[in-house]
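Asks: Hey, can you work out the whole structure from these sequences and the hints?
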Amino acid sequence: MSETGAQTVAYVRDTMLPAAPAPEAQSGAIKWLRENLFSGPVNTILTLLGIGIVYFLIVTFWDWFAHSVWNAGSLNECRQIIAATWGEGARGACWAVIRDRWNQYVFGFYPQDLYWRPTMTMGLMMVALAPVLFAPERRIRRILLVITAAVTLVSMIALSAPAGWLIFAAIVLIGGLWISERNVLWLLPFSVVFPLLGVWLLWGGSLWGPIFVLVGPILGWLAYRVMLRILPAASVIVAIIVTLLFWLTLAGEAARDAENLLSLSIQSVRSDRFGGFLLSVTIGVSGIALSLPLGIMLALARQSDMFLIKSLAVVFIEFIRGVPLITLLFVASLLLNYFLPPGTTFDIILRVIIMVTLFAAAYMAEVIRGGLAALPKGQYEAADALGLDYWKAQRLIVLPQALKISIPGIVSTFIGMFKDTTLVTFVGLYDPLKSMSDAVRASTDWKGIYWEPYIFVGAIFFLICFGMSRYSMYLERRLQRDHR
Amino acid sequence: MTDVSAPGNPPFRLSMLIYDRRYRSLTFQVIVFILVMAGLWWLVDNTIKNLALLGKNFNFGFLFQRAGYDIPQTPIPYTSDDTHFRAATVGLLNTLIVSVLGCIAATFLGIIVGVARLSKNWLFARLMTVFVEIFRNMPLLLWILIIYAIFTEILPTPAAYRGEDAAWSMIFFDHVALTNRYTALPTMAMTNDPGSLDLGARITFNWATISFAAVLILGVIVRRMIRNWAQSVQDRTGDRPRTWWMSLAVMTVPSLILIWYFGLHLVAPELTGFNFTGGLNVSNALVALWLALTLYTAAFIAEIVRAGILAVSKGQTEAAYALGLRPNRTMNLVILPQALRVIVPPLISQYLNLTKNSSLAIAVGYMDLRGTLGGTTLNQTGRELEAIVLMMLVYLALSLIISGAMNIFNARVKLKER
Amino acid sequence: MTKTVFLGTVAAASLFAGMSLAQEGSTLAQVKERDELNCGVNTGLVGFAAPDANGNWTGFDVALCRAVAAAVLGDGNKVRFVPTTGQTRFTALASGEVDVLARNSTWTFSRDTDLALDFVGVNYYDGQGFMVRKDLGVTSAKELDGATVCIQTGTTTELNLADYFRANGMNYTPVNIDSNAEGEQQYMAGACDAYTTDVSGLAATRAAFADPENHVILPEIISKEPLGPAVRHGDNNWGDIVRWTLNALIAAEEYGVTSRNIEELVRSSTNPEVQRLLGASDDLGAMLGLDNEWARRVIMTSGNYGEIFAANIGEQTPIGLARGLNAQWTQGGLLYAPPFR
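The listed protein sequences correspond, in order, to chains A, B and C.
Residue numbering for the first sequence follows my numbering, beginning at 1 and increasing consecutively.
Residue numbering for the second sequence follows my numbering, beginning at 1 and increasing consecutively.
Residue numbering for the third sequence follows my numbering, beginning at 1 and increasing consecutively.
Mixed in with the good hints, there may be bad ones.
Unchecked claim - Each pair of labels, with its calculated beta carbon distance range:
id : chain 1 : residue 1 : chain 2 : residue 2 : range
1  : A       : Ile147    : C       : Met300    : 48 to 54 Å
2  : A       : Leu57     : B       : Gly278    : 52 to 58 Å
3  : C       : Asp112    : B       : Asp193    : 49 to 55 Å
4  : B       : Phe173    : C       : Asp135    : 28 to 34 Å
5  : B       : Gly315    : A       : Ile147    : 44 to 50 Å
6  : B       : Pro337    : A       : Ile147    : 46 to 52 Å
7  : C       : Gln275    : A       : Ser265    : 51 to 57 Å
8  : B       : Ile221    : C       : Asp135    : 54 to 60 Å
9  : A       : Leu57     : C       : Asp135    : 51 to 57 Å
10 : A       : Trp32     : B       : Leu266    : 48 to 54 Å
11 : B       : Ser313    : A       : Lys310    : 31 to 37 Å
12 : A       : Trp32     : B       : Leu333    : 30 to 36 Å
13 : C       : Pro212    : A       : Ala90     : 23 to 29 Å
Said to hold, decoys possible - What the simulated footprint calls covered on chain C by chain B, stretch by stretch (three residues with Cβ under 8 Å from a Cβ of chain B suffice, anywhere in the stretch; the number is not a length):
id : region
14 : 113-119
15 : 142-156
16 : 187-195
17 : 198-204
To be verified - Computed cross-link-like contacts, DSSO-like style, restricted to lysine-lysine with a CA-CA straight-line distance of at most 27 Å:
id : chain 1 : residue 1 : chain 2 : residue 2
18 : A       : Lys377    : A       : Lys310
19 : B       : Lys314    : A       : Lys31
20 : B       : Lys314    : B       : Lys49
21 : A       : Lys392    : A       : Lys377
22 : A       : Lys377    : A       : Lys404
23 : C       : Lys224    : B       : Lys49
24 : A       : Lys392    : A       : Lys310
25 : B       : Lys49     : A       : Lys31
26 : C       : Lys142    : C       : Lys224
Keep in mind the hints are simulated off the structure, nothing from the lab.
Predicted model, so just to flag it, every value in this text is computed and none were measured.
Here a beta-carbon is modelled for each residue, glycine too, at the ideal position from N, C-alpha and C.
Replies: Structural data, given as structure tokens:
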């Protein structure tokens, strides 16, 4: 066969041709353009449409952004500067309002000489979050903590924080970094204490209050250990009762007496001084921290075999999910006083936090229930087969998996809640978006300025929310890899 | 633990309420029940005490007093002489209007954006991603305020349309005027008005409207019959008769006849005095709220749609192609039915969210349920307890109705498992 | 699990920190015990009550709060200003969140009776009016048929407006707004032909415009709006304190007692009424449950009624209101403090 072939063919190539570059139209940028932008008539139209949109946006907004003024004392001054620099009739953005009212946007009406306190609280919060959020990767932790430490300390110096507190912050921040390099889980005790510390730093007052609040659960734990010997079944209930009793009866008195003995007070700041992003972040972070455990409990209750518990959870979740948040906030501001004993008053921020927490918890419960439902039944059966009791099974087998599945949902609930903190404007609190911008606009200097405050506040919200969603995607990928 | 050496059922002892699994959950539930009841009783008791202290009572009589305030947009006739109850009804209808319009528009936009994000066109897909991320990650309130501000700051006042050399002119053949107060739209008028059906309480429906609705519903039914017939022909012979022209005729011809019969024509709004009159003025509050709700919700729906389409495995498409189905039939018959199953449940909760978010109407002064019952009525009467409780119940009922209806739909598209 | 417990702790901690049971007893005793007066004010109306960039409150209503604090606590700075919206104001008062409400609220029959409030007096006689652009060519409110009118929801003005147009057989389209800032924005952009609210508010708004000369306030005053401080119904002693603090401010102007000459007048005044007012003779303070120098501190804090008016909303301020009805009765106005006797 090969014989005949060799005779009939005049020429046989016995070496390979050198590889030639792909044809012009099939390589490089042109190929990419053809494949991704102009692969057919529909695609070409879409591309042109897209280019049109981008062009329109640039033409409409470019000169406005390009003519930005950063340094002016009032809107009129801004307009004069724009007219002087870019000619009469030029449009321009007046970012000077942000510069002028920066403090108000960030701290609200918080006393100016105490700005370092919220700043420090934010820095310490990052340390407290390290073992919870950034646990998986040391590199990320290192970068974040170094940045946090640097930013916090520099801003505290700039805000002329007292030396003692500066040293305290430095110790915690750098110590936190040092510990996280060794074993990040050792930071957990700090994470436990931080909420109380943060509340104390933000609102001020006597340190004895938070201390005695912490004493409650410690006493409860002791009672639990004791009861474990005497009547184990009732031990949890007794522990809870002991804690609550201590809080409701003794804690207040004890804190007052201790304060008289040894004063450990810092200047107290009232809730009505909170505003701007400080308010949003305070409500957002407390809401997030509180709604997750509550949401888990609700989800477990809804999945429970006990009819009554299940029905209560269903009624609660469906009720909260069925009404707008704004009506709940109205309940907080208008009706809560009806439901409490006559003469009780109650901090409005706290009321709002409670309502926001309940709202987010109901959504969280549904997200986690989805995670619980997605677990194969075999996992529950395996837990039973091992003889684990209900709580052990939930803690060791069910919840870790269910929560892992629900991470995207949980984070989007968080994002939704953080965005919803702007609604507190409707109950008279100074949120950064509406109330604070209205307050800025009420002054004669900045009357008539609309776009700049909105864009600024929107951009900050975007950064935070976008960051959170990217982080959840990272976490999801990360945990998935471990899973395989 | 107590010893359980005795065979069979041990006699009941009190300690079994705690130690025996069978009784423990019962004990626990009874305790919880008592606690919840005690808590509720505490709340009710406090409320009664507080009301007594303030010299108030709990009754809804205020709903039937004269409201005394005006509402900008009233789907049913309303004047300041009407009762608070009617004002609340107007508010509820306004809530429903913006919610329904928002749901429809958000669904369309969301589907388009969601599909476009999967497009092979690099530029377009990126643009859509930017759209989704921007709208998802900023508060809805911001969008409502910005869009409303754009309307008020950029569009002209009605006066700009006045005079020979007016600065602005009406669009769509002089039928529509965009102003910073409202969009003035033309209204329908009839030369041959058949009169109205009076439902009492000053709610009327024009017979022409009713006959159009009837004709449309009939058209849909006939169209379905045509489809079934075509299907049966196809089943018998293998050839599907061309039916598109029949469907088109069924849907349009009767309506055209009605238009001719009633002498239906458009009446353009006219600028008289301060404002446009004679047309339908749709307030910017409604348009801004609707647009903001649409864009914001569409960003979420786009993500849901994208996830739904991605959830259908590629093998399904390939199998459909292997069977010789054309791409659009592949979409209709293979991919969409499967994607819908993933899409519908989260879509329901987006509809619910949109309805609840419409309560942010307060930011632009659109008088929805919260603006009437929970706003002006509450203020004028000082009945915050009653007004807020009633408002929450109405919203709750709305949510339950929507989720109920959508769950029925969901049950229909769900995979019929055997 | 540990996390759940500790977060629960936090919740309880903040609850414990934030919840405080008000002491039993009279408002006066509560305020003294707290050493601070809670005063409900507007969230931001320049001239009446508005926070500056540092959160310090100034304004006409704010000065009244400070005067009450000075009378009761001896220091005009011991006030906590609670910003209230049109919606939350009366609830805040009724629930005890604020001790006195000085939020340019109109004294009406139903508020005084049905809402269980007590208006203790009038600190500003106002009336509802309209502001329009000059180039509209409108000179009377009667010519506003068919106009679009910006109106703040939840106020008495909303009802007055409806009644006025109805009574005159005219039509209008309301544009509901939530705050004064929003109203200004809408009006400036031309989204409404007329802006209606109390004339004082209109003047304050117009003063802040870049071109005040292009806007006119129409002559018709369509309602009576006596604005005054309110207290909870039932605590008469507290009501007396607020009422007579206001009267002391008004009387001080009538008798020519100002924050500058007060020290001198305490020593030298021969007018028996001034002597009684300033506590130089008789025991008026004790009858209120206060000390005898209460009125002195009230006037010292930010001056008499005339001084407060001039400093916050008078003709020398950007708001530029004339005294008009708010002049002393001796000057042809309505301010008439009952005798201090």
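Asks: Hint by hint, note whether the structure agrees.
Replies: Going through the hints against the structure:
1. A:Ile147 / C:Met300: 48 to 54 Å: Hint holds: Cβ distance 52 Å, inside 48 to 54 Å.
2. A:Leu57 / B:Gly278: 52 to 58 Å: 37 Å, violated
3. C:Asp112 / B:Asp193: 49 to 55 Å: 51 Å, holds
4. B:Phe173 / C:Asp135: 28 to 34 Å: Between phenylalanine 173 of chain B and aspartate 135 of chain C, where Cβ atoms are some 30 Å apart, the hint holds.
5. B:Gly315 / A:Ile147: 44 to 50 Å: 46 Å, holds
6. B:Pro337 / A:Ile147: 46 to 52 Å: At roughly 50 Å between Cβ atoms, isoleucine 147 of chain A and proline 337 of chain B fall inside 46 to 52 Å, so the hint holds.
7. C:Gln275 / A:Ser265: 51 to 57 Å: 44 Å, violated
8. B:Ile221 / C:Asp135: 54 to 60 Å: Holds, since isoleucine 221 of chain B and aspartate 135 of chain C (Cβ atoms, about 58 Å apart) stay within the stated range.
9. A:Leu57 / C:Asp135: 51 to 57 Å: Roughly 35 Å apart at Cβ, these two residues miss the hinted range, so it is violated.
10. A:Trp32 / B:Leu266: 48 to 54 Å: 50 Å, holds
11. B:Ser313 / A:Lys310: 31 to 37 Å: Check passed, 36 Å falls within 31 to 37 Å.
12. A:Trp32 / B:Leu333: 30 to 36 Å: With a Cβ separation near 34 Å, tryptophan 32 of chain A and leucine 333 of chain B satisfy 30 to 36 Å, so the hint holds.
13. C:Pro212 / A:Ala90: 23 to 29 Å: Holds - the Cβ-Cβ distance for proline 212 of chain C and alanine 90 of chain A, about 26 Å, lies within 23 to 29 Å.
14. 113-119: holds (count 3)
15. 142-156: holds (count 8)
16. 187-195: holds (count 5)
17. 198-204: Coverage by chain B is violated for the region 198-204 of chain C (0 residues, Cβ < 8 Å).
18. A:Lys377 / A:Lys310: Cα-Cα ~19 Å, so holds.
19. B:Lys314 / A:Lys31: At roughly 25 Å apart (the allowed maximum being 27 Å), lysine 31 of chain A and lysine 314 of chain B satisfy the hint.
20. B:Lys314 / B:Lys49: 65 Å, violated
21. A:Lys392 / A:Lys377: 17 Å, holds
22. A:Lys377 / A:Lys404: 17 Å, holds
23. C:Lys224 / B:Lys49: Distance ~36 Å between lysine 224 of chain C and lysine 49 of chain B Cα, so the pair is violated.
24. A:Lys392 / A:Lys310: It holds: about 20 Å lies between the C-alpha atoms, which stays within 27 Å.
25. B:Lys49 / A:Lys31: Violated, at about 79 Å.
26. C:Lys142 / C:Lys224: 18 Å, holds
In summary, the numbered hints that this structure violates are 2, 7, 9, 17, 20, 23, 25.
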